[in-house]
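6 protein chains.
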Amino acid sequence: MEQDIRIADMNVGQQVQGFYVLKDIRCKTTTSGSPFISARLMDATGEMEAKIWNYSGPITEEDSCKVMLIRGEVSEYNGTPQFVIQKICLASADDHYDVKELVPSAPLEENEALAEVREILASIDDGEYRRLCQAMLERHLDAFLMIPAAKSVHHAFRSGLLMHTLNMMRAADFLSQLYFEVIDRSLLLAGTFLHDFGKEREMVRSELGLVTDYSAPGKLLGHLYMCAQEVCELAREQGMSEEKTMLLQHLILSHHGKLEFGAAVEPQCAESELLSIIDLMDSRMEIYAETLADTQPGSFSGKNFGLGKAVYRHT
Amino acid sequence: MEQDIRIADMNVGQQVQGFYVLKDIRCKTTTSGSPFISARLMDATGEMEAKIWNYSGPITEEDSCKVMLIRGEVSEYNGTPQFVIQKICLASADDHYDVKELVPSAPLEENEALAEVREILASIDDGEYRRLCQAMLERHLDAFLMIPAAKSVHHAFRSGLLMHTLNMMRAADFLSQLYFEVIDRSLLLAGTFLHDFGKEREMVRSELGLVTDYSAPGKLLGHLYMCAQEVCELAREQGMSEEKTMLLQHLILSHHGKLEFGAAVEPQCAESELLSIIDLMDSRMEIYAETLADTQPGSFSGKNFGLGKAVYRHT
Amino acid sequence: MEQDIRIADMNVGQQVQGFYVLKDIRCKTTTSGSPFISARLMDATGEMEAKIWNYSGPITEEDSCKVMLIRGEVSEYNGTPQFVIQKICLASADDHYDVKELVPSAPLEENEALAEVREILASIDDGEYRRLCQAMLERHLDAFLMIPAAKSVHHAFRSGLLMHTLNMMRAADFLSQLYFEVIDRSLLLAGTFLHDFGKEREMVRSELGLVTDYSAPGKLLGHLYMCAQEVCELAREQGMSEEKTMLLQHLILSHHGKLEFGAAVEPQCAESELLSIIDLMDSRMEIYAETLADTQPGSFSGKNFGLGKAVYRHT
Amino acid sequence: MEQDIRIADMNVGQQVQGFYVLKDIRCKTTTSGSPFISARLMDATGEMEAKIWNYSGPITEEDSCKVMLIRGEVSEYNGTPQFVIQKICLASADDHYDVKELVPSAPLEENEALAEVREILASIDDGEYRRLCQAMLERHLDAFLMIPAAKSVHHAFRSGLLMHTLNMMRAADFLSQLYFEVIDRSLLLAGTFLHDFGKEREMVRSELGLVTDYSAPGKLLGHLYMCAQEVCELAREQGMSEEKTMLLQHLILSHHGKLEFGAAVEPQCAESELLSIIDLMDSRMEIYAETLADTQPGSFSGKNFGLGKAVYRHT
Amino acid sequence: MEQDIRIADMNVGQQVQGFYVLKDIRCKTTTSGSPFISARLMDATGEMEAKIWNYSGPITEEDSCKVMLIRGEVSEYNGTPQFVIQKICLASADDHYDVKELVPSAPLEENEALAEVREILASIDDGEYRRLCQAMLERHLDAFLMIPAAKSVHHAFRSGLLMHTLNMMRAADFLSQLYFEVIDRSLLLAGTFLHDFGKEREMVRSELGLVTDYSAPGKLLGHLYMCAQEVCELAREQGMSEEKTMLLQHLILSHHGKLEFGAAVEPQCAESELLSIIDLMDSRMEIYAETLADTQPGSFSGKNFGLGKAVYRHT
Amino acid sequence: MEQDIRIADMNVGQQVQGFYVLKDIRCKTTTSGSPFISARLMDATGEMEAKIWNYSGPITEEDSCKVMLIRGEVSEYNGTPQFVIQKICLASADDHYDVKELVPSAPLEENEALAEVREILASIDDGEYRRLCQAMLERHLDAFLMIPAAKSVHHAFRSGLLMHTLNMMRAADFLSQLYFEVIDRSLLLAGTFLHDFGKEREMVRSELGLVTDYSAPGKLLGHLYMCAQEVCELAREQGMSEEKTMLLQHLILSHHGKLEFGAAVEPQCAESELLSIIDLMDSRMEIYAETLADTQPGSFSGKNFGLGKAVYRHT
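Chains as they are written, first to last, in my numbering: chain W, 1 to 315; chain S, 1 to 315; chain G, 1 to 315; chain L, 1 to 315; chain H, 1 to 315; chain B, 1 to 315.
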């Protein structure tokens, strides 16, 4: 019996015991009438199909995405590995496990990243923009540190939003100097920091920070609208000028770049144009990073859904 | 000298005196150094090119879209009529003229139309939706009665928004019965009534109610966003339920039907789908009405910009 | 043994006997060389996978979509229900069953619906349009009462065309009053009534009225062309004026609204524009009705093929 | 005074007398109240702006596109040549002039071209297709010999349809051999010969064969539909088989290749696919011929409207 | 035991021995731990799923697409035939088999086709174009005779490029006469002959000439670019004029017709326009030939990937 | 008489003498037969319509875009200024004038910019990439310093390519650190430096460095192809590895990002994806800079052709 072996390291035939997440739980019945559970075993390193044969509870579909103490064997079905669970119970408050080992997370240290975000915010010259950003950060601090930036396309892991936002702020900082003639650094940095805060309400999360779905407001209103609206209210509370309030909302509403990509309006000032390009660039680079990690040097990946094409990892 | 003859009735050679609107005023100088004004003479029946030769004020470009007392002669230049102004002064507070004869207006009686709008609103079963609509109406009553529904494409005349909204409410009332299985009448009527209130902030108007331009917030935020945002704030003040507040915003944000037509999100419930179709239908029918009015039976119009095609007026 | 239990009510383990339709019949052989039939069991309430093991006739693939007297057991395979047929024979002329219980039908009473269609036709002021419509109705009466409006997207059930046409005529009646300034009610109602008659030749039907495929003329010529052509011939027989004959054909040829949606020409008069919008509206509303019927309040449907998106059923 | 000098050879300052066509006649008045006519002087070699100063008839706008005996002087206005007419009268029945010198015509000998068309038709193996084509030819012989193939894009000159059809038949003849495995030569040749016969009703022509406009049926029904319909009626009169009648109509209805280019249905058999390609090819090659004729070797033409691009004439 | 029976003729239950190709070899393990091979058995007449149970070598995935001597039985699994291999070894140098019976080939005699290509090349009047073509032919002779024209869409068989090129040259020869006014025959024939030579480097081939994948340069540079570049180098070596060198490259770079179809530039001279149409035509006709071969007369094919639609085989 | 007054500072009525560029020269004749020249007077600050009345040489259309010594008066015609030239002669070799005052130039110091480019090139770690870049720089040094980056859309002034390339290299340098996980800095910098070298052959320039047109190879082959080809040849001469040679060509061929924007292939590795985004970003930012320079704070520009929209200059 091996303890807490990571899913990426499991081999057919091993007996395993440890803490894992069980997601996509579905309760079924075999042709012969025997109840069983079909699910996905998950930790930070990967996923594997899982079965609990002859099982009628107490674990049910409601327990999807929770941490469990599991014992079982790595088997194989139709050429793909399958984990056959022999013993299972929900992890209790007393159990010791590291959430970061159970769900995939951004490759950064949260506190360092947060400190850098705070430092850049503090460097915003315009007091109105700076205060609003700092207030938004404190109001949403927990979510900002934890949520992914998307459900599946890119940065779809714990702290993905933090990673995406910080990278974009670094780029915005540099580019506002390169294009200092047309770019108001304060406006660009504020818009960059704020642009994706609406994602908190757009996605439904489990207690572990896993995104299980998009929410009804997320689909019916969109994260651009929800973010712009909250920023507008806060701006009024803080007495920000009309012009700056309008510009901040415009940056948020237009950051998808084109109407057909979901922008509520298209970018019409230099800062919104540049923000939409930085967002595109950071998303694309992260998709490349995630895709090339699974590709051999000198060969092509499979077709990537987000990019709409296969990509080459050179030697 | 003929008094107050309408522009549609003017003939070359006539001497004319009366109240008209002068718009698009531009102060220029001839090659020989003589100052003159080039402008458009306008009343409810049409427009005509106009000139004031050898003129250096006091009328300036700032006076565009104001009512003036004008005397002059209908002349012709390069085959098109041109009004040569001989005497001009701004209308004063004491002057008597009927604004409806000077700017084009919707073919309806404002008070009757308003009464019908109020009557339909009163028939909304759901109290939360009804109260919000009634509050919005009183808050924006003046603008709702006067503003056009667009700068140029359709309903681009005084009270155009009132006419467009009332026609759509009549259609929504009927169609909510025809499709009663899937349509919540209260929601559809509320969304229909509210959908274009953002146009008030989207357009810049002269004191006569003429649209001179789109405003900066109109272009940078869009009327869908501004309307949804105000409705959301009012709904919260009135304690409307989360679900209904979300649905109303969704109807407003999606009423352009497709992302590429400027919808912030696409319609995703039966009422928003139907609202976007009613809006399309009423706009199209009004464009036909305006276009066919200038077309001979049995012939085609010129290419219409809003429809992207020429249309046929049958016999 | 339960008699004539509806498919929607069947549970695993039940023994069932009754009249059902068997469609998509395919004759196969197991690895061990034993012949069997794979098919779909159908009635008005739904469908279920079906098998006849060890069976070599007399039922063959030619008997697809016919009524049969069937005995068998509701079983399960791979988590989905499967009906195992033990005894089967074609229904004979003497058998008593109600076709409406065996194939899905529109939620209306055919005779009432027909009466309303006739009444609206009788109200068409223009005698030439009215006579032509009435002649088309009598000529195609059987098909008009029975055929679906489509193979799968919407109104894909018995009397679907009748339901679609009647609903559109009701809307056309109302809207021709709302837009009386630009709409010739007689032309709009005639075009609305006639627009989909070409579907009779476009689809291949079984004797039960089930659409099994599109016909060769349906694909190579299209229902718009076939309908316009027949209307043109009938109009000439009846001595209709050239202008009206042209307009009727135009309404039929353009009712898909845009070239890329299959319109032979785009709408170029007010009545054809409005007809194309009414057709779009009625199709969309019916897709919503069919989709939302399978969706829980407060949740989203799966992605609908006809709409190209998931839709929300509000509470 | 020079007699009958061609427009392409006129120089500023020349006195000219002869037969010409006057088109786009518009009766106007100068600012000083003097009546004059503005028009275009035309013959087979080109066009020139023309004026008749101080003229009040009897020539009016109704006489556009007629042959006239004209005397005048080649002048210049704003850097472009302008023909000032001093004397003008309608040509009478007794006048001698050659229509081919007055309107642009296809570079072919009509009788030879017609003979070749007849010869290819006679070589169609299938008697049903052959007879129908021959009957259509005799029925429309006059128009087939004279009309252009379009109003402006390509082959927009006398006998343009004859030239376009003959060239396509030559190509169809060759290609039906190259692709004999999939192409039925009789069907392809019949469809090629017939495909544009609807253009006769689609365009409004002057007595000289000049296209002055598209007709109402041309715009509201389209030439594809009108041609397919007539072919269908004739095929039924002649007792053609259902399959062949359907195929001929399909070739005609689909020859624009794609829905967005105006095809009523898209090509779905090898012959309709090939016909749409031959039509595209012959139109494109003729546009090149017309465009390159006005382009110097080694340089680019201006942007051509039909091709949507400038083209290069190599050395 | 039947010898060398063709795959298209195999029936369930037969014992077979002979030379075949094994492709898509994948080494797997059953749930019970037993190693096996899953692959596709192939010859010129078709393909069949194949298994080697309880097999651990020496054949491995590296041996995909090689010729093997195979003994086994035609079985069935899930209603589709499956070949169970009992004995297998790689064909040796001494074995006698005909490659043409093992891989699908173009329906032509290679030497005759090559002779015709050479003859047309010899007829090119322009010596510079002719010499370059002849040099390219000799340099790439082996590949030109053997490679397919594509991996899957059309002409995806041995000598497919030879067949595609020859057919296009025949068409180009004829059409350069039909459009002699605008087409330089030498340029068109040279461009037609050369246009697809880049496919040799674009595709990865097995020793049997089967295309197993696109190459990295094929995807990252494209066959248009690689071909134009080589032609440019050879043209310079041979001292071809600047203008002709440019034109040849232009024809190659633009032969996909439109940017969105992969043309590096769009056709801008008559010869490149015509070449792109001929290429489209020959590809389409071959897709029809391959599709209709599997379709019954009077019925429709399944949806074809290359055409984006189903096609009709008439009677 | 004022000496060398800049065009941006000229006022109607001034007598002026100095060195200017005369472009778009056209020789014409007035109605009364008098020869004159119509042209555009230009210097680094702007342009103005110009006329030389009663002039028959020696200046002709061939002298367009040359420097001339000009005397004349600033007049006005139809409300726009017009320069009436009274005396004119070509500047001779002895004349003293500063080219930078006569043609618009990038706002940078050429030698400093070149030094920075050289410095970044020297920092490329990979010796193969670095040597190739340095060789290209020396080979094209004169053109690289002087030519614009486009004819009209952006950077359409002297040294525009230098400015565009340097800005992009600065961005590439920073971003290769931000995305160091997926970006090979050497490859990205080399591709960025090289990507637009093909513009030298794409554009036709006057001796002053003004772009007068696109060249025939520029239109028929495109600058992407010409650049990739030259880089490929040089790489082979220098013995660069196959993989790196392929990657460099790929970056150049794909830098327009999408096929429909003129990319010969779409980006398929992280560096080409990023290069296409940097190119887009720098072009857009420069268009904003050029557009906003002519726009008042708090207002919108006119519609910009390159962006396809109007843009807002905030306060």
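Be careful, since some hints might not be right.
Same chains, same names: a pair is fine if it fits in one copy or spans any two.
[To be verified] The list that follows gives simulated cross-link-like pairs (lysine-lysine, DSS-like), each with its CA atoms no further than 30 Å apart:
(1) K244 <-> K28
(2) K23 <-> K100
(3) K244 <-> K309
(4) K66 <-> K258
(5) K87 <-> K258
(6) K28 <-> K258
(7) K303 <-> K244
(8) K244 <-> K100
(9) K28 <-> K151
(10) K87 <-> K309
(11) K51 <-> K28
(12) K51 <-> K66
(13) K51 <-> K258
Hint data in this document are derived by calculation from the structure and do not stem from the laboratory. Note that this is a predicted model, so its numbers are computed, not measured.
Evaluated hints:
{"no.": "1", "hint": "K244 <-> K28", "verdict": "neither (56 Å within a copy, 37 Å between copies)"}
{"no.": "2", "hint": "K23 <-> K100", "verdict": "within (16 Å within a copy, 43 Å between copies)"}
{"no.": "3", "hint": "K244 <-> K309", "verdict": "between (40 Å within a copy, 22 Å between copies)"}
{"no.": "4", "hint": "K66 <-> K258", "verdict": "neither (39 Å within a copy, 39 Å between copies)"}
{"no.": "5", "hint": "K87 <-> K258", "verdict": "neither (52 Å within a copy, 51 Å between copies)"}
{"no.": "6", "hint": "K28 <-> K258", "verdict": "neither (45 Å within a copy, 40 Å between copies)"}
{"no.": "7", "hint": "K303 <-> K244", "verdict": "between (42 Å within a copy, 23 Å between copies)"}
{"no.": "8", "hint": "K244 <-> K100", "verdict": "neither (40 Å within a copy, 39 Å between copies)"}
{"no.": "9", "hint": "K28 <-> K151", "verdict": "within (27 Å within a copy, 33 Å between copies)"}
{"no.": "10", "hint": "K87 <-> K309", "verdict": "neither (42 Å within a copy, 41 Å between copies)"}
{"no.": "11", "hint": "K51 <-> K28", "verdict": "both (10 Å within a copy, 22 Å between copies)"}
{"no.": "12", "hint": "K51 <-> K66", "verdict": "within (16 Å within a copy, 40 Å between copies)"}
{"no.": "13", "hint": "K51 <-> K258", "verdict": "neither (45 Å within a copy, 43 Å between copies)"}
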